[in-house]
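Asker: Protein chains in written order, with numbering that gives the first Met the number 0: chain U, 0 to 307; chain X, 0 to 348.
Hints are not guaranteed to be accurate.
[As the list claims (entries may be wrong)] Across the chosen pairs, the derived CB separations fall in these ranges:
#	chain 1	residue 1	chain 2	residue 2	range
1	X	Arg161	U	Phe3	32 to 38 Å
2	X	Met294	U	Val273	38 to 44 Å
3	X	Phe129	U	Asp201	37 to 43 Å
4	X	Met303	U	Val273	40 to 46 Å
5	U	Arg133	X	Ala218	50 to 56 Å
6	U	Arg94	X	Leu302	44 to 50 Å
7	X	Tyr254	U	Ala192	40 to 46 Å
8	U	Thr91	X	Val32	33 to 39 Å
9	X	Val296	U	Tyr60	34 to 40 Å
10	X	Leu302	U	Leu140	44 to 50 Å
Calculated from the structure, these hints are not laboratory results. As the structure is a prediction and not an experimental result, all values here were calculated from the model. C-beta atoms are modelled at their ideal positions from N, C-alpha and C, and glycine is treated no differently.
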Amino acid sequence: MEAFFQNLLNALQWGSFYALIALGYTLVYGVLLLINFAHGDIFMVGAYIGFFIATFLLGTYAFRLPVMLPNEVVFVITLVAAMLLTALVGVTIERIAYRPLRRKGASRLYVVITALMAGLILENGNLALLGASRRSFPELLPKSIYTLGGITFSNIKILVIATTVVVFLILELIIHKTRLGMAMRAISYDRMAVPLMGIAADTVIVFTFALGSALAALAGVFFATSYPVLEPYMGALVGWKAFIAAVIGGIGDIRGAFLGGFLLGFIEIFVAAVFPSTLRDLIAFSVLLIFLTIKPTGLFGVARATKI
Amino acid sequence: MRRFIVPILYLILCLLIVAAIRGEWINAYLQLVIMYAGINIILCSSLNMVNGYMGEFSCGHAGFMAVGAYITSVLNVGLLNMCSGAASSGAAAGPSALLPAASLALFPVTLLIGGAGAALVGLLVAIPSFRTRGDYLAIITLAVNYIVKSSVENIQAIGGARGFMGMQRVVETMTEFSDLPWVMIWIFIFTGLTIAVIHRLVNSTYGKGIIAIRDDEIAAEIMSVDTRRIKLVVFMLSSGLAGIAGGLFAHILGYINPGSFTILKSTEVMIMVYLGGMGSLSGSVLSAVGFTILMEVLRPLQLMKWVLIPFFLIVLMLVRPEGLMGNRELSDIFPKLGWLFPPRGGEEL
Chain U
0 MEAFFQNLLN ALQWGSFYAL IALGYTLVYG VLLLINFAHG DIFMVGAYIG FFIATFLLGT
60 YAFRLPVMLP NEVVFVITLV AAMLLTALVG VTIERIAYRP LRRKGASRLY VVITALMAGL
120 ILENGNLALL GASRRSFPEL LPKSIYTLGG ITFSNIKILV IATTVVVFLI LELIIHKTRL
180 GMAMRAISYD RMAVPLMGIA ADTVIVFTFA LGSALAALAG VFFATSYPVL EPYMGALVGW
240 KAFIAAVIGG IGDIRGAFLG GFLLGFIEIF VAAVFPSTLR DLIAFSVLLI FLTIKPTGLF
300 GVARATKI
Chain X
0 MRRFIVPILY LILCLLIVAA IRGEWINAYL QLVIMYAGIN IILCSSLNMV NGYMGEFSCG
60 HAGFMAVGAY ITSVLNVGLL NMCSGAASSG AAAGPSALLP AASLALFPVT LLIGGAGAAL
120 VGLLVAIPSF RTRGDYLAII TLAVNYIVKS SVENIQAIGG ARGFMGMQRV VETMTEFSDL
180 PWVMIWIFIF TGLTIAVIHR LVNSTYGKGI IAIRDDEIAA EIMSVDTRRI KLVVFMLSSG
240 LAGIAGGLFA HILGYINPGS FTILKSTEVM IMVYLGGMGS LSGSVLSAVG FTILMEVLRP
300 LQLMKWVLIP FFLIVLMLVR PEGLMGNREL SDIFPKLGWL FPPRGGEEL
């Protein structure tokens with residue numbers, strides 16, 4: 000029983016990363032109907048940006064700050080700065096690669112390919128620039144471990160899970176209560192009619208990309224704090240899996256992405272707990288395949304009506 | 000007579016290359032590039048049938064390749080060991096009258112079995128595709144790629160993550176029979192067959208149904224196109240051909256491991272398809288050859304290659320989103336080539 004709750008807690012933490020990244024996928028998909036395959040690599044970029052900011056603030060480089068900041072402050076600054084800078088990266092990619100294609104009215108498929116290529120550039124560009132050596136993320140938050148009724152948990156675990164839930168609630172508020180959120184929903188409902196209503200569609204799309212990328216950066220910094228090893232390909236597999244989480248939830252739906260992320264986290268952790276861990280990917284992807292065969296549009300997805 | 004011109008030209012080209020190899024005018028490196036080009040042609044044109052002609056977004060082609068590669072290699076190595084064990088328990092030098100000829104005759108059979116195995120795995124994609132389209136189907140293909148890769152990693156009997164080898168001896172046994180570049184010859188044969196099969200399929204009346212599915216699936220269904228059956232046929236044919244390409248690939252290298260069949264490999268094939276243009280068979284051939292050469296030319300750049308090639312493709316998408324020859328064939332661009340590709344009787348209205 001204790002092992003079960005222990006695994007449950009691990010699954011919640013693991014699922015949090017998936018949920019945070021899947022939220023980014025689903026936001027962009029909901030607004031643009033674009034699978035942003037570069038998103039996993041934006042997660043990686045977020046983690047690296049966080050790494051460089053954190054090490055800079057800690058004074059690893061020749062050029063350093065006059066005052067030494069306490070570690071908690073460094074962590075908060077790292078988080079915020081990484082989210083802002085990564086949002087900038089996401090918006091830049093949108094500006095350079097996706098927007099011209101959208102203006103030309105190219106088929107959705109070509110934008111997807113462009114996204115895939117943008118992801119490859121980020122991945123391999125990082126590898127070419129920084130080398131294949133792994134980097135370890137500095138330990139900013141002192142890890143304290145508590146035990147409660149036989150279950151051990153660390154403060155980082157609780158922080159990750161709690162933040163994910165809070166972020167989800169804030170996102171729901173943004174989507175449903177603000178004007179910008181209303182514009183996002185309007186675009187996802189009918190992209191052609193939105194400009195006629197006097198909504199600057201491009202502004203909304205830029206905002207969406209910024210929001211999604213910031214969430215990826217949040218996940219990236221948290222991931223690096225929990226598992227402090229950074230490598231250029233870290234975004235690839237996590238990105239694909241988060242995408243799967245978004246699909247399980249019904250891509251385009253925020254609640255779906257959130258639930259799908261946790262669901263995938265549960266599947267992976269419990270499979271790894273019961274079976275040999277090499278079977279983790281196999282079972283996770285098989286579950287996905289069976290799930291999609293039975294329910295092709297995911298948990299909350301709606302089939303788009305096709306007219307002739 | 001005109002309809003035989005292209006096959007004859009192809010045959011002459013193949014014979015010239017084989018003669019050049021026998022005469023040792025082409026070094027081993029160039030041979031390797033030619034063989035890779037042939038395999039890329041098979042992969043690219045078979046994926047183009049799904050992505051270009053049928054308009055689905057399949058992004059897990061390397062998975063099918065892996066199935067074919069493993070089945071063919073395991074069968075070949077197993078049969079070879081069985082044969083040599085039965086003939087004599089001696090070393091490879093031990094002469095056996097039947098063995099080299101038998102392995103030569105069995106090679107295409109095992110290749111086709113590998114292709115059939117890959118086609119069966121293709122069912123994993125084809126059956127969900129009845130209800131699922133577009134983005135969701137893309138995920139399914141992706142999932143199949145991962146499933147195949149991690150299944151192979153978990154089967155210890157075929158080497159697991161360490162990989163599988165021994166195909167080199169199969170190739171050696173074939174050369175024992177007659178000193179010809181057999182792998183190259185089989186690649187030529189299967190490349191030619193692939194192009195012929197796909198060309199005939201997409202230009203047939205039946206094949207018009209494939210294009211109808213791309214343009215509007217519901218309308219196609221109303222016009223009494225059996226969409227389910229066509230999807231089954233196309234997905235299975237495409238994955239089967241990828242399996243054959245995988246089998247040939249395994250015998251070029253003589254060593255395969257699950258790491259060769261990742262998403263990166265699938266992406267590579269997709270790059271070729273989009274470079275050449277959707278729904279264009281000649282575009283696929285040209286881009287497969289061009290891409291293979293480009294990869295070799297850029298080899299000195301090492302890692303930067305994988306930055307430059309995606310960048311190049313993004314620029315291409317911005318300038319010319321439909322690829323180099325989207326939905327056009329060579330004979331559309333150069334009408335004078337039309338006499339090489341005469342329209343088949345019965346399809347003109």
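Asker: Take the hints in turn and mark each one as holding or not.
Answerer: Here's how the hints hold up against the structure:
Evaluation of the 32 to 38 Å hint for arginine 161 (chain X) and phenylalanine 3 (chain U) yields a pass: the beta carbon distance comes to about 35 Å. Checked against the hint of 38 to 44 Å, the C-beta distance between methionine 294 (chain X) and valine 273 (chain U) comes to roughly 43 Å, which is consistent with it. For phenylalanine 129 (chain X) and aspartate 201 (chain U), the hinted distance range of 37 to 43 Å is satisfied, since their beta carbons lie about 38 Å from each other. Checked against the hint of 40 to 46 Å, the pair methionine 303 (chain X) and valine 273 (chain U) passes, with Cβ atoms roughly 44 Å apart.
Separation of arginine 133 (chain U) from alanine 218 (chain X) is about 53 Å and conforms to the stated range, judged on CB atoms against 50 to 56 Å. With their beta carbons about 26 Å apart, arginine 94 (chain U) and leucine 302 (chain X) fall outside the hinted range of 44 to 50 Å. With their beta carbons about 57 Å apart, tyrosine 254 (chain X) and alanine 192 (chain U) fall outside the hinted range of 40 to 46 Å. The beta-carbon spacing between threonine 91 (chain U) and valine 32 (chain X), approximately 37 Å, falls within the hinted interval of 33 to 39 Å.
At roughly 38 Å, the beta carbons of valine 296 (chain X) and tyrosine 60 (chain U) sit within the given window of 34 to 40 Å. The supplied range of 44 to 50 Å is broken by leucine 302 (chain X) and leucine 140 (chain U), whose beta-carbon atoms lie about 34 Å from each other.
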